[in-house]
Every structure is written in structure tokens, then in C-alpha cells.
Amino acid sequence: MTHPQALLLITTLLISTYSQATTNHSSSTNTSRNCTNINKIHNALAQNKAIAIIIDDNKQQNKSGADDSYADWQYYWKTFIDDSKHIFVYFKLKSEELNAIIRKTPGSKGRVNFKPVSYLFFNRNRAFIYNEPIYEPQVYMYIQYSLTGKKIPEAIKPFKVDEIKIQLQHCQSD
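To get the numbering used here, take the position in the sequence shown, counting from 1, and add 179.
Distance ranges between label pairs, derived from CB positions:
{"no.": "1", "residue 1": "Asp246", "residue 2": "Gln317", "range": "19 to 25 Å"}
{"no.": "2", "residue 1": "Lys336", "residue 2": "Ala225", "range": "29 to 35 Å"}
{"no.": "3", "residue 1": "Ala225", "residue 2": "Ile331", "range": "22 to 28 Å"}
{"no.": "4", "residue 1": "Pro332", "residue 2": "Arg212", "range": "36 to 42 Å"}
{"no.": "5", "residue 1": "Lys336", "residue 2": "Arg212", "range": "33 to 39 Å"}
{"no.": "6", "residue 1": "Glu315", "residue 2": "Asn292", "range": "19 to 25 Å"}
{"no.": "7", "residue 1": "Arg212", "residue 2": "Asn292", "range": "17 to 23 Å"}
{"no.": "8", "residue 1": "Lys329", "residue 2": "Lys257", "range": "18 to 24 Å"}
{"no.": "9", "residue 1": "Glu342", "residue 2": "Gln226", "range": "18 to 24 Å"}
{"no.": "10", "residue 1": "Glu275", "residue 2": "Asn218", "range": "15 to 21 Å"}
{"no.": "11", "residue 1": "Thr210", "residue 2": "Ile331", "range": "34 to 40 Å"}
{"no.": "12", "residue 1": "Pro295", "residue 2": "Ile266", "range": "24 to 30 Å"}
{"no.": "13", "residue 1": "Glu275", "residue 2": "Glu342", "range": "21 to 27 Å"}
With a straight-line Cα cutoff of 16 Å, these simulated EDC-like cross-link-like pairs (lysine to aspartate or glutamate) come out:
{"no.": "14", "residue 1": "Lys273", "residue 2": "Asp235"}
{"no.": "15", "residue 1": "Lys339", "residue 2": "Glu315"}
{"no.": "16", "residue 1": "Lys271", "residue 2": "Asp236"}
{"no.": "17", "residue 1": "Lys273", "residue 2": "Asp236"}
Read the hints as simulated data drawn from the structure, not as lab findings. Think of the CB as a built atom: it goes at the ideal place given N, C-alpha and C, for glycine as much as any other residue.
Based on the provided sequences and hints, a complete structural model is requested.
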């Protein structure tokens, strides 16, 4: 695959909805909480909001904040949340909850593998994954510029985040 073809593939529509009614598997994996999250995500996307999900499976985190790296991570995450509430809707999920929301995409080999602390950022057109704690605020800037369609400053470009394809479930109201 040539570089232009890869770029074309990446820039195609990355997020599409998937009707739960088409498979019995969906109804067994979509608990009430998952459907609540799915519906909140779809509502936010309909309002042109971007989604920021922190996947937090790390039970070993230093919650006391005594570790400098943990304190930095918390500070940058909270600052990002505070500074971008007008752009993003935030969720904190376990990886199994997120995998119940995100379906296997055509051409993929399975579910997205999330590390104990990972992030998924997306809007209706693009999705980005960061599979470790974010210690540089420029990573958040890169994502924010990318999802709002703004030109990415040269100083931020080295903090490029992996772009992925995702497909969301869609819950039907009972």
C-alpha cells in the first residue's frame, strides 16, 4: 500500500453506527450501563461534541499522588478536562465496558487492545488511541487540534497520536 493510499484509508469515515437489533450477541453484551453510555456518546456526537474516554483498568495506580509521574498525569488530565469541556464529553470506563460499546470494524482482526491506562478520543469522523498515561500536555493539544479541524502547529506535530478505526454499537430503547 502506498503512502497516499494509507492516508486515504485513514481519512475515510472512521466511525459508523451499528444497530444492536442485527445480532443476538449485542443484546447479551449491552448491559443497561453500556446502553446508557452508548446513548450518551451518540447524543454527544449528534451535538457535534468529541468524546474523550479514559480506560482505567489499573488497580495498582498510586492513588495517593506521592509518585511524581502519577501527579503529573493527573494534573495534565484534569487540566485537559477543565480547558476543553466545550469540545469534549468525558467518560471513564473499564476496557471490557468499552469493548462492549465498540464493535469489530471491517478488516480488523478483533477488538482494540487497551492497556491498563489508555485513552480513546473521537468525533464523528476520526478516532485516536493513546495506550499509556499521557505525561505531555502537547498530546492533548494534538488531539484537540485534530478533532476540531484546526491546523496543527509545527511544535505540536511531534506528539502525533495513533489514528484508528472504530465502530460504535447502537442501543435500541425498550
